[in-house]
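Protein chains in written order, with this note's numbering: chain D, 5 to 522; chain H, 88 to 612.
Keep in mind the hints are simulated off the structure, nothing from the lab. If a hint is listed, it holds; no wrong ones were tucked in.
So, partial list: chain D residues that the calculated Cβ filter (under 10 Å) puts toward chain H:
{"hint": "1", "residue": "332"}
{"hint": "2", "residue": "365"}
{"hint": "3", "residue": "369"}
{"hint": "4", "residue": "400"}
{"hint": "5", "residue": "402"}
{"hint": "6", "residue": "504"}
Ranges of calculated distance between the beta carbons of each label pair, as one might list FRET restraints:
{"hint": "7", "chain 1": "H", "residue 1": "107", "chain 2": "D", "residue 2": "450", "range": "51 to 57 Å"}
{"hint": "8", "chain 1": "H", "residue 1": "225", "chain 2": "D", "residue 2": "62", "range": "46 to 52 Å"}
{"hint": "9", "chain 1": "H", "residue 1": "225", "chain 2": "D", "residue 2": "178", "range": "48 to 54 Å"}
{"hint": "10", "chain 1": "D", "residue 1": "121", "chain 2": "H", "residue 2": "258", "range": "37 to 43 Å"}
{"hint": "11", "chain 1": "D", "residue 1": "520", "chain 2": "H", "residue 2": "225", "range": "36 to 42 Å"}
{"hint": "12", "chain 1": "D", "residue 1": "371", "chain 2": "H", "residue 2": "435", "range": "52 to 58 Å"}
{"hint": "13", "chain 1": "D", "residue 1": "520", "chain 2": "H", "residue 2": "107", "range": "42 to 48 Å"}
Just so it is clear, the structure is predicted and the values come from calculations on it, not from any experiment. We put the CB at the ideal spot given by N, CA and C, even for glycine.
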Amino acid sequence: MGNEPVVSPPRRATATPDHLPGLLLASVFVIATCGLIYELIAGTLASYLLGDSVTQFSTIIGAYLFSMGIGSWLSRYLDEPLLKWFIRLEILVGLVGGFSAPLLFVLFEYVTSFRLMLYALVGLTGVLVGLEIPLLMRILEDRFAFKELVSRVFTFDYIGALLASLIFPLVLVPQLGLIRTSLFFGALNVIVAAVALHRFRETRPYRRQFTGVIIGALLMLGVGFAYAERIMTYTETLAFQDQVIYSKSTPYQRIVLSKNNRELRLFLNGNLQFSSADEYRYHEALVHPAMQALPRARRVLVLGGGDGLAVRELLKYNQLQSIRLVDLDPGMTHLFQHNQMLLALNKGSLLNPRVQVINGDAYQWVRQDTTRYDCIVVDFPDPSNYSVGKLYTAAFYRELDKLLVSGGLIVVQSTSPYVARQSFWCVRHTLDAAGFHTIPYHCYVPSFGEWGYVLAGRNGHWRGDGGLPAGLRYVTPATIRDMLYFPPDMAEVPTEINQLNNQALVRYFEEDWGPYTH
Amino acid sequence: MLGPSLLLESCGSATASRGHIQGTLHGASHVLGHLLRQPGKLPAPSRTLQAEVVIVGGGVAGLAAKRWLHRQEVHEVLLLELEEQVGGNAASGHSEVSAYPWGAHYLPVPDTRNQDLLDFLREAGVITGYDAATGLPIYNEYHLCHDPEERLNIQGYWQSGLVPELGVPAADRQQIARFFALIEQLRQAKGHDGKDAFAIPVDHSSADDTFRQLDLLSFGDYLAREGFTSPYLCWYLDYCCKDDYGATTATTSAWAGLHYFAARKGSAHNATASDVLTWPEGNGFLVHHLRRASPENILPQTLAYALRETSDGVEVLAYDVRAQQSVQLKAKQVLLATPQFVTQRLLAGVAESKALACYHAPWVVANLTVDGLPQGPGRPLCWDNVVYGSKSVGYVNANHQDLAMTADERKVITLYWPLADEAPDLARRAAYQTSYDEWLQRIMAELETAHPGVTPHVAQADIWVWGHGMIAPTPGFLWHSERLAAAQPLRQKIFFAHTDLSGMSIFEEGFYQGIRAAREILASA
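Could you put the whole structure together from the sequences, leaning on the hints where they help?
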């Protein structure tokens with residue numbers, strides 16, 4: 005960097021060697037990159053945690069830019085020694101910006117008004133970043149002509165912004181993840197402070213004191229960087245209350261297993277599927293009322309139920325020759341065929357020679373299957389979206405009808421008749437409309453609450469006093485009788501039939517569960 | 088002599104790519120079609136074929152006529168089609184991801200009085216039976232459009248349904264409610280001849296002047312007269328005119344604008360009048376079943392270019408594009424199932440012939456293979472997706488009727504864009520001169536408004552430019568005596584069938600026209 009002609013005479017004697025303006029310009033580049041990175045992190049996190057990316061991104065960027073304006077305006081109140089202010093500011097930006105991502109991840113679980121926290125943090129970072137450039141320009145104003153100053157500072161500012169916008173999506177997010185990216189750029193801000201502190205003579209009086217602060221800040225950021233993985237797991241653990249022992253994203257869903265002293269829990273996309281403490285109630289109630297009425301059953305089809313727990317109950321009937329399980333997600337069936345803890349739970353049911361596991365779409369499968377089954381166990385996730393809703397339509401049940409031997413039975417898990425009363429009865433009415441005689445029943449599963457099922461057959465000959473296998477913990481002939489009774493708060497309500505062209509059930513399900521989830 | 092160069096020009100498509108997006112520009116063979124203007128340039132016939140009936144044009148009308156004649160044991164029927172595939176406006180295509188439409192893509196649940204149509208739908212497996220108690224048809228659920236059906240992007244949000252609701256002021260809502268109340272009244276209205284005021288086929292509508300005089304007025308003028316001024320309602324109705332007719336409220340007759348709503352009287356055991364039937368390939372599904380009824384004796388890539396009456400029938404001269412030679416076809420009768428601008432050329436040397444001047448807006452249809460559609464808040468992807476205030480009439484998800492969940496996120500969406508802002512001939516000339524890259528740029532800009540950041544998700548964009556998209560029922564067209572006269576056979580030798588003769592290009596009209604003409608042919612024999 006050569007000496008530039010100076011138009012306005014220096015107003016202030018300087019103790020700074022001539023190569024140092026170059027250093028300050030380099031720091032413009034670094035702080036500009038950091039500034040934009042914080043903005044991108046906040047925008048990404050907001051759309052990641054709150055959804056609705058367009059609104060989140062644009063309001064975050066708006067709030068950030070506005071806060072930068074406030075920072076720039078506030079810079080007028082900072083007076084000499086400017087360099088000391090600049091060093092303080094860099095340390096502060098490094099800490100606030102650096103910890104923004106981990107802080108937001110953790111706070112998301114704790115704070116009721118997360119949005120407020122998010123904007124407060126974005127505002128604070130924005131104000132601090134907005135102070136940086138005006139402050140630097142004032143430090144540099146005596147060393148450059150005004151036109152040179154503006155030209156250089158803004159050139160480096162915008163080059164930094166370009167760099168940030170390119171490396172953020174291409175390198176940083178895929179390689180480091182949001183938490184580490186945030187901490188890494190925080191460290192860069194602190195390093196700018198460290199370099200300024202050690203290269204400018206005028207910092208001598210406070211050098212020792214500030215060195216300590218800088219080392220402390222870098223240590224904090226470094227520790228955060230090293231434990232980023234654990235922060236991530238910690239936040240997921242919070243969402244699931246217990247310790248997360250397994251998590252995996254398959255093309256279809258996110259599978260999370262959590263554990264405490266008492267129980268193992270499985271979550272699919274954040275929704276509880278079972279707790280090992282009481283799943284026997286759910287699965288015994290799903291399987292035995294149908295199976296005890298079919299003493300001559302040979303073949304069973306299970307749709308969904310990739311955990312193998314319904315199959316475990318079915319295997320208690322020795323007369324069954326084959327059980328075919330069709331589950332969409334190979335990630336799920338593989339997990340329940342290989343994980344020791346889960347094998348203990350399902351008693352290795354999916355590895356039993358009588359069991360055939362098929363990974364495929366249930367709708368596609370039933371349309372091309374030509375086998376006749378004595379019993380079909382339908383254990384799909386709740387109808388919370390249009391794709392799953394199709395598997396609860398009259399058209400689907402008519403396909404099942406074609407696969408059922410005369411005298412065979414279908415049982416459908418039908419969500420909670422207490423919480424989702426309309427949804428439950430809609431499933432029943434849809435099975436009725438598909439030409440079945442139906443028997444609704446329910447049981448209490450502590451981790452779920454009241455849960456409902458519908459039995460369906462072509463004739464009304466079902467009886468609840470057949471033979472049950474030994475060793476059941478919940479279902480007995482008396483339990484079956486109890487399960488058939490619906491108290492007034494769960495009693496039948498009129499509903500539409502769920503069809504492909506109205507998807508009435510998805511609407512009911514949203515209405516019913518809405519108050520519990522929002 | 089003109090063979091090779093002609094063939095090169097006539098293939099009517101060009102492959103191109105722009106960045107990561109691959110695609111092809113197709114078009115109905117307009118270059119080939121324009122040879123009709125200079126039939127003298129074509130070679131003299133080198134062979135002769137004989138048939139009882141020659142049908143020119145393999146659109147819905149021509150195919151429906153062929154099916155009908157076949158059912159009545161008239162088997163010596165020859166159908167000439169200019170394109171590689173039959174289907175006309177109901178053309179379709181397919182890729183490794185999905186089948187998709189190139190034109191018409193749905194059929195509203197029909198009126199149960201339309202027995203011919205119900206019979207055909209039963210034959211095609213669209214109707215699976217009739218309810219014993221009510222006698223109403225039961226439709227195949229896989230063919231009824233699945234929920235969620237429609238959404239509109241308005242104020243940055245995807246609302247459900249296409250009639251604007253979100254952020255619409257109370258006064259506008261009131262006007263919208265008043266409009267639909269009026270429609271409900273018209274749906275049930277009958278003229279003093281006892282016929283429905285608005286019916287499908289159009290020709291079954293009442294002759295009562297109370298209704299027919301509405302045809303002389305533009306829909307826009309009618310709306311203004313009746314105090315329908317809400318910009319939201321006006322946008323919606325303009326969208327409907329574009330979607331069904333390729334015209335605006337200013338260029339559509341009031342009778343036709345109202346017919347769009349008031350003629351929908353379908354009923355079924357398991358569906359309502361507002362339900363529609365749709366397939367991944369659009370009405371290509373129906374075309375396939377029409378063709379299947381009588382698949383033999385269809386000559387594709389064959390351009391009929393002259394017609395002459397003889398003492399015992401009719402003689403048609405046609406150019407076989409693949410063999411590059413002309414054929415002489417001798418028949419007792421000919422059915423021109425062609426648009427009026429083609430009919431007019433073919434009838435050049437025929438006495439007492441009259442063809443109609445028709446308003447055909449050009450259309451652009453794009454099939455885009457996407458692996459995602461980034462979107463803002465609101466309803467998830469539907470079958471029909473429209474953006475408030477945009478130039479196109481939105482896009483349809485060709486994979487909407489898929490039942491299976493897969494990890495493959497790829498799907499095909501079909502974007503429809505009537506070029507209705509200019510006079511048709513100007514718009515047509517401009518459209519023919521627009522390159523693939525220019526279309527792609529416009530289409531991507533259109534898609535980006537509702538799906539910011541979608542461009543990297545588009546892998547393939549195939550574009551079809553329809554020079555003569557579909558007929559628009561301009562004021563005065565429908566109930567002018569010329570329209571009915573143009574459908575009258577000439578000397579029991581030359582017959583006519585086409586949606587141009589109905590004044591609206593919908594499947595039901597093409598189907599009706601074909602059967603009507605086939606019945607006339609049978610009656611004359």
